[in-house]
Amino acid sequence: MPAYHIIAIVHFVLFSIIYYHLIKDPTLRKIILLLIIPFIAFSVVNTFYNQSFLLSFPSNSVLLSEAVYIFYTLLLFRQMLLNPVLIPLYKQSVFWFNIAMLIFSAVTLFNLGMINYFNKHNIDTSLLDSIIYIISLSFYGLFGYALFINNKFDGENSPHN
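The sequence shown begins at 1 in my numbering and counts up one residue at a time.
Don't take every hint at face value.
Below are the DSBU-like pairs computed for lysine-lysine, each with C-alpha atoms no more than 30 Å apart in a straight line [stated by the list, open to error]:
#, residue 1, residue 2
1, 91, 30
2, 24, 152
3, 120, 30
4, 24, 120
None of these hints come from the bench; they were simulated from the model.
The structure presented is a predicted model; accordingly, all values stated were derived computationally and were not measured.
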């Protein structure tokens, strides 16, 4: 389980940086950057005082990060609605990236966030494991599609420039 404690922090920092570059509002960009430090502090405190680095999955950190990712996706969708581009949504890599993040975050907010509870109370997680597996495949598939679409644009025609 130690890797998950580190991965949760790395993911949060990287996804925050990605959304920092996608969201154009200067105030929201500052908020995104300012969320990184408290999240790292929360995760470190959680690791040492609540969910052991060696013995426990960092479900508290995952719950918080997934909730923030949902917030990021909603901010980006709001930006896309307020500032539409001429390119259809299904051809916008940012749209597919954001859809992948929203779906994955919404599902894992529950599934991964509750993993310690399920394990502690001997609740069978095989159905949830299957769901998260399918969602993970969909997540990476949508990411791949977003990258594929993004490579079709030259710098001037990209909807997120």
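Inset, instruction - Decide if the proposed pair is consistent with the structure: residue 24 and residue 152, CA atoms, cutoff 30 Å inclusive. - result: holds, 23 Å
Inset, instruction - Please work out if residue 91 and residue 30 have their alpha carbons no farther apart than 30 Å. - result: holds, 29 Å
Inset, instruction - For the pair we were handed, residue 120 and residue 30, check the Cα-Cα distance against 30 Å. - result: violated, 39 Å
Legend entry - Given hint residue 120 paired with residue 24 - CA-CA distance at most 30 Å: violated, 43 Å
Violation of the numbered hints given earlier is confined to hints 3, 4; the remaining hints are satisfied by the structure.
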